[in-house]
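Residue numbers (the working numbering), protein chains in the order written: chain E, 33 to 142; chain D, -6 to 271.
Treat the hints loosely; a few may be bogus.
[As the list claims (entries may be wrong)] A partial selection of chain E residues facing chain D, derived with a Cβ cut-off under 10 Å:
1. Q34
2. K35
3. F71
4. I110
5. R112
6. K113
7. H114
8. K124
9. F131
10. Q134
These aren't lab readings, by the way, just hints derived from the structure by calculation.
For each residue, glycine too, the CB sits at the ideal point set by N, CA and C.
Here are the chains, one letter per residue:
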Amino acid sequence: MQKIPLDKAKTGMVLAKPVLKENGMVLIAQGTELTENHFSILKKQGIKFIVVKGTPLDLGEGAYGFSIKKRLDRLDYIFRKHKNNKWMQKVKEFFNIYFTYQLKKNKTED
Amino acid sequence: MEDLRTERKGKILAVKDLPTLPPVLEEITRMIEDEHSTPKQIAEVIAKDQVLSAKVLKMVNSPVYGFPRRINTIQHALVLLGFNVIRGIIISTSVFDVMTQAMVGLWEHSLGCATISKIIAEELQLKDPEEFAVAGLLHDIGKVVIAVQLPEEKEEINRMVEEEDISYFNAEKKVLGFSHDRVNAWLAEHWNLPLTTKEALTYHHSPRFAQFHPDFANVVHIADFITKVLEIGNSGDDQVGILYKKGFIDIGLSFKKLAKIMDKVLEDIIEVLTFIPK
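I would like the entire structure built from these sequences, with the hints used as guidance.
The following block contains the structure:
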């Protein structure tokens, strides 16, 4: 599941969360597969972001200046002051495992 | 040294010189303290300033708060979020221009920290996650005030961070005799912010000293840390400080929960990275 700008959404994507109107009513239900028709409705309502299933925007290599790959590459550097702190090494290892997993997940979804 | 420190405190606390804080802020601060004030009355005061109202509504509808539907009126926002959150939003949007000029990347860092503070509070099922968000939003405001009131010292801090490879926090201490967390405490006092926000602002670098609301200090401390790991924006550092282990455990976090929090952060990150409050 990922929140993406409407201009990056494509037909065939599936809503992971419903899109609501300003009065709180459901505009398009969760689980709907988006068609051309939906886009004109969404634009008309001024919707800017929607939540879709999967991770269509690849954060692995990078989007909007953020990249999971770069996070992995930078870990040693930003933790450089804590080489002798066991707890901080554990924390670093957590992020290492987490980002590595996310990177793989992004690749397999492609 | 002591004299110099007092002099600098005085200079910093001349917050009246801060060009950006709207007069409305003083007025609603007074109204919040008056128990007879109603959300409707306070909303009317804010709504008089149309530019400010628009900025507040934009922020209320930002990824930080993540409401599933649009909030269109100040009164509705006040009822949903409460006085203190709205006042925090007024402070943060008012200093937005100064913040982006004084320290490139600090706004994005603050927005990231606010969003992550809310996500952590939600994951831990703490009451009023929006209060945590606003504490995250304001946690580095002292840095802005230092940059505006003491520009020469600010340059010296930057130089020291770069040349001596020390943290921004320690560089502030060396140059000024105190860090932005002190300034935060003075500002919180000056604006009469609620104790929860005050403790988060004052102790986000040293949550073990938070006496009354350690949960606020811990959440913002951890959110600040994650924001630095993700390098969302720039807080003046290119390194992380020590994550306070006892606070992490006391507040009920584990690596398993942290992974869930990270999942949510990554879900929302594009909206956070593309949000501009104008």
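Failing hints, ascending? 3
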